[in-house]
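On the provided structure of chain X, position chain S as indicated by the hints.
Next come the chains, spelled out residue by residue.
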Amino acid sequence: MIRTTIIGLAGLLAAAVTAPAEGAGSAGEISFNRDIRPILSDKCFACHGPDEETREADLRLDTYEGATADLGGYFALDPHDPADSEILFRLETDDEDELMPPPETGKPLEPGEIALLKKWIAAGGAYDPHWSFKPVAKPELPPVSDPGWTRNGIDHFIRAGLDAAKLAPNAEAGRRALARRVTLDLTGLPPTVEEVREFVNDSRPDAYERLVDRLLASPRFGEHMARYWLDAVRYGDTHGLHLDNYREFYPYRDWIIEAFNENKPWDLFVTEQLAGDLLPEPTREQLVATGFNRAHVTTAEGGSIKEEVYVRNVKDRIDTFGTLFLGLTVTCAGCHNHKFDPVSQEDYYSMFAYFNSLDADPMDGNKKDHAPVVKLPNPDQEADLERLRAELAATEAAIREAVDGAEFREPDEPSPPRFADPEEVVWIDDALPDGARQTGPWNFEGDGAPVYSGQVAHRQSAEGVDQHFFDKAKPPLEIAADDVLFAYVWLDPDDPPKQIMMQWFTRTWDQRAYWGENNIDWGKDGSPSRRRIGDLPEAGQWTRLEVKASEVGLKPGAKVSGWAFTQFGGTVRWDKAGKVSPNDKVPLFDSIAGWIAHELQLEKPTAPAKVLEIIRKEPGKRTDGEERRLREHFIEHVFAGTRGQFRKLHEEKASLERQIAAIGKKLTTTLVWKERAEPKPAYILERGEYDHKGEEVSRSLPEFLPPLPAGAPNDRLGLAQWLLDPAHPLFARVTVNRFWQQVFGTGIVKTAEDFGLQGEQPSHPELLDWLAVRYRELGWDTKELMKLLVTSATYRQDATVTAEKLARDPGNRLVARGPRFRLDAETLRDQALSVSGLLVEKLGGPGVKPPQPDGLWKTVGYSGSNTVKFTADTGPEKVHRRSIYTFWKRTAPPPQMSIADAPPRESCVVRRERTNTPLQALMFMNDPQYFETARHLAERALGHGSGDARERLGFLFECAVARPPQADELAILHETYLDHAREFAADPERARKTVTVGEFPPPEDLDPAELATWTMLASLVMNLDEFLNK
Amino acid sequence: MNPLHEHRLALTRRHFFRQGGMGLGAAALGHLLGQDAMAAAPGMKAAAGLPHLPHFAPKAKRAIYLFMSGAPSQLDMFDYKPKMADLFDEDLPESIRQGQRLTTMTSKQKRFPVAPSMYAFEKVANNADGAWISELLPYTKKMAKDLCIIKSMHTEAINHDPAITYFCTGDQLPGKASLGAWLSYGLGSENENLPAFVVMNATWSAKRDAQAIYNRLWGSGFLPSKHQGVLLRSQGDPVLFLSNPEGVERNTRRRMLDALEKLNRKTLESFGDPETQARIAQYEMAFRMQASVPELTDLSQEPERTFEAYGPDSRKPGTFANCALMARRLAERGVRFTQIFHRGWDQHGNIAGDLPLQCRDVDQAAHALITDLRERGMLEDTLVVWGGEFGRTIYCQGKLTRENYGRDHHPRNFTIWMAGAGVKPGIVYGETDDFSYNVTENPVHIHSFNATLLHLLGINHRQFTFKHQGLDQRLTGVESAPVVKDILL
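Just so you know, the protein sequences line up as chains X and S, in that order. Each residue of the first sequence is one higher than the last, beginning at 0 in numbering that gives the first Met the number 0. Each residue of the second sequence is one higher than the last, beginning at 0 in numbering that gives the first Met the number 0.
Here chain X stands alone, though its shape is the one from the complex:
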């Protein structure tokens, strides 16, 4: 099936495009690359190809030398007497043992293929290097029948092809169709009615170019272009394997969007992603870009073997590198030499060596910030950090100043130590302790709300019993004898609780203290599992709550790893919490000698190690510096005379450090690359198995491709330079082909992922080369390249297809008509949001969760995963964003995306399917989000014009498809309007139900029956084939 299509197309193109473009004369001439190699590759190379391991009869047909080798008096391909070639005999013999390919392979040659092979051999059986491995040269623009039709170079190649096929291009599309098409293609959103009208009425000669420039300048451009890239790099918001927990990676996605918007030249775009970390003094943004090599799926499945996971991760990087930049299916060579392309297993593992030295644990630990990561403060956090760090520096300076200015003289007769109150151990203040797993609403609030300490306090409002808590803190809080636990609390005078409670987790939560009524019936009343401490404190002011650890059953040595803040009703704010150990009284001295004597007799000295070292030296043997150090420490920490002054400064310092740490914990992180200091050795892995190490290999590249450019380092940075080198035959071709595919629906090479021997031949090889060279000449200016594509006469054609063109070129590979195909999943949803007026145009940020049917995560998720439960976001800022921001759980992607052919983002995909299924129809009609957009479009229509139904119908239709309806279309719409109106008028209750879907309640001033009627009409136009297609 597939084969016939390819041959059919090849035949068509042979007649149509390639011959004249090659300038080679008669259409009947055989081209090795176009006609012969695909047959040999598909039918012969598996046994007679580059892989020695599986080569049969010691014969290889992938090289001329191999094919013409002397096989003992005869030749597969006889260089002297082609007619005597063994191949000819083997193609058609009746002897099943001799016939090639062997019948059991199930790959017989088609009669047409045999004819081609015979013709080729008769003409001498010449070989030609595979087309995509030959260097790119900029071809001359071919002559065309109607030079006036052409607008740029693209059109020369396309028109020449059409001339050869004796097809005429379509006329230019109407302005409305063109405005809609180009707006969707460059921004992924439809034009507004006003934008279309503006363009229609713009009589300037360069009106179209102006439109294109405006679209290219829109921030929506980057959002649209980025999503194609995200498919290729398999971007997701979860790890993708096993637990499939959340991972924080969206800054990388936002980097891509921004790169397109700022029109970062493609060479930088690629270099920074591949090797940003290896650039001299990389910026934070360049590090963010290196997330490219971290985007693959990861696991931390219990029982996994690290080495196996490490190998899988590296392979995934190479596979993506190969598909995306080389258009080669290098994956195959992971297990054995490639069967078709000249990539050996050694080549594969030599490339492996560029990507294997990530300085990280291959297991993701189920953590959102699987190291290495960079931390990315937002502007507010940046400002806060700057201020706090300044304050900290000032406090430290004040301490130093106080030390320097302290008046101290060693007394002749030291007095005995005095004991100061113990210091608090603060465990919770602005942030939770390390390792804490939080549950429930931890609403940290500052900015004018009551706060006792630091910047924020945590608030909870409840009806009945509710709580917020954490567990799993590491290290835990260790309880000593006579310890007192404390926390600060503020009860809302307007909404006081009936009871408040704190709980501490050791092995259980059965350590509870409460104040106020006894409504919460956990544990046993009057015991450590439910101990009443006292009445509720006075509302409207901060109160310190204290509980003796022993009262709630916490014995010395107990390890507290969790703390719960519980309440019955009301609004409660909590702040600074921790413990005090009354026995840890701090001894203070008025003499250094006295202090030293005291320290030296302690079983466990309290001075820091370095100070202790000095203490232990004999007084005479201390250097001046050491003496000074000793004195400074004494003054700051031990001297009774200045204790009060320093204690305050120390508290200030500790508080600032906690605040800085708290912000640090909240900073957005993103996965980046960090190279190990010493590269990890790489080995050939037999059969691709991680535990079958063969020979060690070093970084190198397949021989059939050019070497690294002179002076390039042999690392990922060098790899980037290699790709970008003009001598590289694949990179630029593969890249421009994807842009072409994006706009025209099918690539010039249809198999965008495979430019190797098994890939399809280009429909317009010279056009591909011309674009590849042009892109480089433009300085890798992506916006200019896109402009070139969409301003061509080729692109601007009307999309109508005649029966003849459909029969001659069903896939529109010759482009004798404008592109028309179903929009992608993201564009479909974004378009619906846009025409309804609901779309929130906000750039970047964490993934958002618009509603989806219940249970989709739960039915597949690991019960302990942090993405097992889907909770839809609320509020337009979250649910009406563009689809590129929709949270992507890779084991259960958003149904609105996957139903319309979005890949799951588990592996690299550079070409999406476009299917047409009933499940899509159901979604467009019934998905509450789609139906919600219909209602809002209906509201727009009802607010439009004077109230005449036909006028409104015209507006509705125009919003959807950028043109007013024709008379017969309007008649159909109007008839349907009357039907629906009758129906809903007769059943207002049903109408009311119809219009309540979505974020916003229906406007009260609209009659539900009328709104329901128009909602159905809006849904109708939003299901039109014309709406779903570009």
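Heads up, a few of these hints could be off.
[As the list claims (entries may be wrong)] Across the chosen pairs, the derived CB separations fall in these ranges: (1) S:Asp85 with X:Gly463: 54 to 62 Å; (2) S:Glu189 with X:Glu103: 44 to 52 Å; (3) X:Leu777 with S:Gln99: 36 to 44 Å.
[Stated by the list, open to error] Chain S stretches covered by chain X per the calculated footprint, using a threshold of three residues with CB under 8 Å from any CB of chain X: (4) 237 to 250; (5) 273 to 282; (6) 376 to 387; (7) 431 to 443.
Keep in mind that the hints were calculated from the coordinates and are not lab data. Computed from a prediction, not measured in an experiment: that's the story for all the values here. C-beta: ideal position from N, C-alpha, C; glycine also.
Just chain S now, kept in the frame of chain X:
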């Protein structure tokens, strides 16, 4: 069915033939449109598969796969090892283990003590030498004469995610097409109103955290995405977005669709894009599904004895028993491939607590399904498969007592069973050593197993390929994966 709807369908059908694509004959149209449109056109044959498939007359027209996710303990259910009773708490001999790799959950254990099964086994008559089945599966014992129990399954993967992905898609890494997607692609659907490949995720009873499953297990991978499994859900709409929005009734939808068709037909006239024709047909298919799916999931016409046979859980949506009953209804309606994923089989510990619950979930219902199919004359052309992604170790993970123990992952041998179409009933195939640690006889690799499954459905797996990334991709991989002829009738 609503008579008005019937009338409209008839109208639509006539309309289609009369107007069939710009005056081209229906046959020519079909050729031009490809199968998409033809398949979806009302009144046409249901979605066809590939023209040269099946390769030969199939024994099975359809299959039902009961997937036990997490890896059931063969040692406590089917693989009877009486000699182990004397070796309680003795170390697994190195001669058996032979340095095979272990998961890192137990590789650091100081000892590998033998944990004999605490369950009583009984040898029940089948059509050969009988089959040993444990007391956990009283209903399965009753159908030993229907089952082909394969004790010698093996795989390379030792962790759940890669292993289950391997079994369901033929590769440990994500990105490949699932078994059901292959079948949909190759054989198409027999029912124009239902998808060819339906998936159900059943609830489970074990208390332990259940392993995740993944959309990719029924995904289409590199195949066109229309072949991906359609989830038949027990919560909300059985098929996503099946129900009209509240307040929109069936006649409202019909009215809207009539207008949509008229308008789309105008688009077809002006652009001539065959995809438009296909789209019109798909909207009609969607409309028909809105009737056929609720009819499918409506159990109110099932007699009381059905629920008695499948057990009390069968009335509860989402349970395995309910899914099994649904699978029979799907089979009756010609759905090519139904897969039920039942999770919770990962007994690293607490076999005594959790394994009986898991067995209870599936035992009676699986028996009822087999019996039900046989009584309806459908077992002869319906293949039923039961099994997980690997097995479990003889040695104990964690604390070993006479009353309880745990078992780690064991890929080197495990047990599954098949029944129905073309499979020898009442046999046990393959053997393992005394420790159920190594296959000693007739190993069956999971690729071979999938090859056999395809064979029963009339497909030569070597020749069933899809070109992707320059390769002829196969469900059964590149290495040889012989069909297990010994178990075929």
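For each hint, the structure was consulted:
no.	hint	in the structure
1	S:Asp85 with X:Gly463: 54 to 62 Å	holds, 59 Å
2	S:Glu189 with X:Glu103: 44 to 52 Å	violated, 31 Å
3	X:Leu777 with S:Gln99: 36 to 44 Å	violated, 58 Å
4	237 to 250	holds (count 12)
5	273 to 282	holds (count 8)
6	376 to 387	violated (count 0)
7	431 to 443	violated (count 0)
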